[in-house]
Amino acid sequence: MASDTLQSTSHTGWRAWLLTDTPASRMQARLGQLYLGWRTFRSNPLALIGFLIIVALVLMAIFAPLLAVHDPYAQNLDLRLRAPGEDGYWLGSDDLGRDIWSRIVHGAPITLQIVAIVAVTAPTIGLLVGTAAGYLGGWIDVVLMRITDIFLAFPRLVLALAFVAVLGAGIENAILAITLTAWPPYARIARAETLTIRRADFIAAIRLQGAGPIRIITGHIWPLCLSSIIIRVTLDMAGVILTAAGLGFLGLGAQPPLPEWGAMISAGRDFFLDSWWVATIPGLAIFIVSLGFNLLGDGLRDVLDPKRKSA
Amino acid sequence: MTDTTAAAGRRRTAPLVRRGAALLSTLGVIAVTMFGLIFVTFIIGRVMPVDPVLAVVGERASKEIYDRVYFEMGLDKSLVEQFWIYLTDVLTGNFGTSTLTARPVVEDIARVFPATLELATIGVIIGIVFGVPMGVTAAVYQGRWPDHVVRLFGLFGYSMPIFWLALMGLIIFYGNLDWVGAPTGRVDVFYQDIVPPVTGMILIDSAIAGDWTIFWNAVSHVVLPAAILGYYSLAYISRMTRSFMIEELSKEYVTTARVKGLSERAVIWRHAVGNVSVPLITVIALSYANLLEGSVLTETIFSWPGLGQYITNALLNADMAAVLGGTVVVGLTFVGLNMLSDVLYRVLDPRARS
Chain A
1 MASDTLQSTS HTGWRAWLLT DTPASRMQAR LGQLYLGWRT FRSNPLALIG FLIIVALVLM
61 AIFAPLLAVH DPYAQNLDLR LRAPGEDGYW LGSDDLGRDI WSRIVHGAPI TLQIVAIVAV
121 TAPTIGLLVG TAAGYLGGWI DVVLMRITDI FLAFPRLVLA LAFVAVLGAG IENAILAITL
181 TAWPPYARIA RAETLTIRRA DFIAAIRLQG AGPIRIITGH IWPLCLSSII IRVTLDMAGV
241 ILTAAGLGFL GLGAQPPLPE WGAMISAGRD FFLDSWWVAT IPGLAIFIVS LGFNLLGDGL
301 RDVLDPKRKS A
Chain B
1 MTDTTAAAGR RRTAPLVRRG AALLSTLGVI AVTMFGLIFV TFIIGRVMPV DPVLAVVGER
61 ASKEIYDRVY FEMGLDKSLV EQFWIYLTDV LTGNFGTSTL TARPVVEDIA RVFPATLELA
121 TIGVIIGIVF GVPMGVTAAV YQGRWPDHVV RLFGLFGYSM PIFWLALMGL IIFYGNLDWV
181 GAPTGRVDVF YQDIVPPVTG MILIDSAIAG DWTIFWNAVS HVVLPAAILG YYSLAYISRM
241 TRSFMIEELS KEYVTTARVK GLSERAVIWR HAVGNVSVPL ITVIALSYAN LLEGSVLTET
301 IFSWPGLGQY ITNALLNADM AAVLGGTVVV GLTFVGLNML SDVLYRVLDP RARS
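Protein chains in written order, with this note's numbering: chain A, 1 to 311; chain B, 1 to 354.
Hint data in this document are derived by calculation from the structure and do not stem from the laboratory.
For glycine and all other residues, C-beta sits at the position ideal for the given N, C-alpha and C.
Some clues are possibly wrong.
[Claimed, not checked] Among the chain A residues that face chain B by a calculated CB cut under 10 Å, a handful are:
#1 I241
#2 W261
#3 I288
Sequences and hints are given; from them, build the entire structure.
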């Protein structure tokens with residue numbers, strides 16, 4: 001009883017510190033903001049599911065060697081195309097007798113690598129282009145935005161296909177091609193955000209204090225663009241995963257024997273009517289992960305975008 | 001006094017001038033974008049670190065052959081000159097010759113394009129027929145279970161690899177249930193090339209020829225790929241319809257209509273849906289354009305003899321002229337549909353006109 005009350009008071013004390021109207025330090029205010037965001041986020045079960053899926057993917061990628069029960073590259077031609085559950089293959093084996101579960105597990109780091117690289121590079125390019133165009137204006141704006149429009153004019157997969165066609169097949173080139181096709185929407189968003197804040201008083205105040213355009217853009221405009229960019233990145237990652245899988249499926253992304261999920265579907269295509277699991281299971285993995293990113297992105301939008309919250 | 005009349009006069013002429021200027025600037029944007037599209041494909045084809053001569057003659061060609069091809073391809077000229085030649089070629093409809101089919105790329109594309117158009121059109125129709133009512137229902141029941149079902153159904157569509165969904169569809173509806181035709185293209189192998197091509201779309205051509213056996217065979221082949229493209233279109237259309245409708249239903253005229261005693265059905269379907277139909281048309285045009293992209297992978301699975309399969313085949317055989325030609329055509333169609341949606345919006349929505 002006594003310990004119960006004690007705990008609840010300490011609980012409220014901790015919460016009160018976070019939710020105070022008069023934070024004593026910048027860090028307290030930030031943490032309070034984070035806590036409020038987390039509370040909104042937590043109240044959305046679907047977003048939470050998405051978050052858990054992504055956490056599971058990351059854990060799977062980190063602990064891949066422990067989770068895989070077989071060597072993902074070890075062939076066993078005596079045990080080809082075993083159905084799920086047979087001969088110790090939880091999810092069956094493929095046409096070379098490789099364990100599908102182990103290959104899925106080892107495919108997680110590949111997917112994560114693609115997602116991470118694109119999630120860092122594409123928004124960075126977009127942010128550079130968009131804020132420069134928005135802040136500097138004039139002919140720089142016109143030229144940069146026309147270039148952005150031209151890249152937006154291609155369907156993403158078709159442009160990525162053309163890039164990979166000249167660069168050559170392979171996972172690095174697939175990532176490069178996806179990045180080259182993924183940056184334009186970020187440039188658009190960053191420019192729109194910049195246009196709304198570049199005439200703000202606080203920017204004028206910084207300029208009066210002698211800050212140059214580079215300092216203003218990197219120190220004051222970028223942080224304000226971040227929340228819309230983060231939402232877009234999360235929602236975009238599902239598309240990135242699907243494009244990478246599509247390239248892998250066409251044989252233009254990761255090359256065999258790499259256990260990339262799209263390429264694994266492609267390998268199962270030749271006998272999908274008899275051995276359904278070979279193509280089905282990697283596809284399920286792609287579906288679950290991109291669904292996770294979509295759910296998380298929807299949830300983050302509610303947390304980070306105050307404009308939509310009121311609507 | 002004179003000031004106000006002058007202002008009134010300006011007000012009368014201004015819309016015309018402004019509309020003219022808007023039209024000119026739209027045309028300018030189209031021209032620049034198309035120019036850029038061609039420029040990007042030029043860069044992809046010529047400047048990237050791949051020797052285009054080697055792609056034609058192969059690794060073991062002698063020096064003389066290599067040099068001859070090098071000059072024939074105009075690679076000794078400056079890049080600006082090369083781009084000029086490429087630009088005029090593309091604008092006059094010359095995309096070069098496909099090394100795979102040994103025919104002009106333009107002829108190939110004209111032959112395969114109707115198949116893609118047929119598939120995408122049926123797909124987008126499915127998307128409209130199911131997507132709009134689903135989006136409206138979700139908006140009306142916002143926050144309740146029909147809304148969650150529609151949103152999740154749409155999110156699933158956004159999250160599935162289209163080629164995987166196609167394989168799953170084939171396993172179930174072809175492998176197990178045998179309801180649809182085999183993935184052999186638009187008709188069974190023994191029916192291929194029988195109907196004389198008029199429009200290039202087999203459903204219409206077989207109907208014109210009066211060959212109903214082939215027509216029904218074609219229907220059994222188109223159902224599954226069209227349904228899969230339709231699902232993607234539906235996911236997008238229902239999501240957009242929902243958000244448009246939620247905004248519309250919160251407006252005051254809707255309350256007025258309800259207060260004056262109109263039935264809920266009339267309020268929703270006649271008033272609200274009527275008002276969102278204009279932005280919806282632009283969404284549908286965009287969705288149509290996106291199906292071109294989805295069709296690349298879908299056509300590969302179903303051996304559908306369309307543009308997507310043409311590009312991927314060309315890719316796998318290093319047929320660069322065909323790849324770039326196909327990319328330009330897809331890009332131009334994409335831009336064209338985007339612009340069309342823009343124009344439609346202006347024509348149909350009186351508010352966007354002024």
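Each hint tested on the structure:
no.: 1; hint: I241; verdict: holds, 8 Å
no.: 2; hint: W261; verdict: holds, 9 Å
no.: 3; hint: I288; verdict: holds, 8 Å
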